[in-house]
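Peer 1: Following the hints, put chain H in place on chain R, whose structure we already have.
Protein chains in written order, with the working numbering: chain R, 1 to 169; chain H, 170 to 417.
One side of the interface only, derived from the structure: several residues of chain H facing chain R at Cβ under 7 Å:
#1 F177
#2 E178
#3 D191
#4 S193
#5 M201
#6 A209
#7 V234
#8 P254
#9 Q281
#10 I282
#11 V284
Computed list of lysine-lysine pairs in DSS-like fashion (alpha-carbon distance at most 27 Å, straight line):
#12 R:K29 - H:K247
#13 R:K29 - R:K45
#14 H:K307 - H:K247
#15 R:K37 - H:K225
#16 H:K225 - R:K29
The hints are simulated quantities; they were obtained by calculation from the structure and are not laboratory data.
Note that the Cβ used here is the ideal one computed from N, Cα and C, for glycine as well.
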Amino acid sequence: MPQFESHFFSSLIFWEVLSFSILLWVLYKFAFPPILKILEERERKIRESLEQAERHRSEAERKLQEYEAKLNAASREAEAVMAQAKERAQRLLEENEQRLEADAERIKADTAREIEHERRKAVQEIRAQATDLALLVAEKVVGRSLNDQDHRRLADEALQAVAETYRKG
Amino acid sequence: MDNPLHPFELHPFGQLSLFGLDISLNQAVIMMWVVVAVVAGLLIVAGTSKRLVPTKFQSLAELLVDFIRGMILETMGKDGMRFFPFLATLFLFILFCNLLGLIPGLYTVTSQIVVTAAFALFVYGMSVVVGLARHGVKFLGILIPPGTPLWLLPLMMPIELISQLARPLSLAVRLFANMTAGHTVLAVLFGMALSLPLLIAWLPFAFTIAINGLEVIIAFIQAYIFTILTCVYLGDAMHLHGQDEHAH
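Looking at chain R on its own, in the form it has when it is part of the complex (with noise of 0.2 Å):
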């Protein structure tokens, strides 16, 4: 095999120790520093990412947890004044039949006592209507004028016994 040609061995062991230092150092110096450097940058960059993107997602939930918990109380509290409201006016809507149904109550009772009132004038008035009326009947009838005291007197007289038999009868 002419790999075992040993007169070539001293040669190659040479220039191979010689370019494989040389490449080291070249490496070494030159290329790795900046590919490692790059590297762990984007090593660093890329966790920090996974880092922040998993701080953004918990804080998310935390922020949504938030909402949702102040949404229900916002809706519980909406519930409550939509159950004060109600409250409110159905007692508004009570008070207010209320105070009607005593209007009414009054108004019924004021007119009732008007009418009482104006029912009472009228009896009066036609009962002094038919005093006069009887009067000049009477007049007419006895043919002579009383005086007017004795007319009234008469009169009352009359009435007085008419009323009696009304009563009695």
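Peer 2: Frame of chain R; chain H shown alone:
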């Protein structure tokens, strides 16, 4: 038909010596220079475009570097990153020696046993030095697997010693043999394709193409195996018997 081992022959370009040592240039030496230039060029150019979102070129180099980094972190933990420059250079050098050698006409440096042996011995020697520096005499405990009963020691220690000494040997031979075998098969098949009549020559030629594809994978795998075994040996030396394994 050509001799299938012909591609492994070296032809010195003239004579060159240093302190009496023959350092004549040949195809393998030129290829080493080419590999150094390609690897250095690739990584330096990739390193200069320091974009967080990488270009295609940059991501190729970063892929390689990150691959080696992952290998080290997995086998040795964080303190293994001290050896990163050496291990990364080793991996890239072997990988590109393997890969560029697949280009027809170019020489495969790693098909020279002396080249792989030099790497293997250096790597093994380094693991021993690291172990001794870190654990002192206790490093010899690497010859005693944990939990060995006392009466088995006379048996276990020679076995472990042999397995230790087999490490550099297997490292060197594995890479050399894989590269040599692959190229020999390619040479044989291509020789057949050239010497046979065209009617059937397409068959070995098709195989040449298929095996060349396979060789690309093998080139990568062998570089990976060489480097990860280096990591394992260094890791063994650093964390004797898996002690302070949780260091990473």
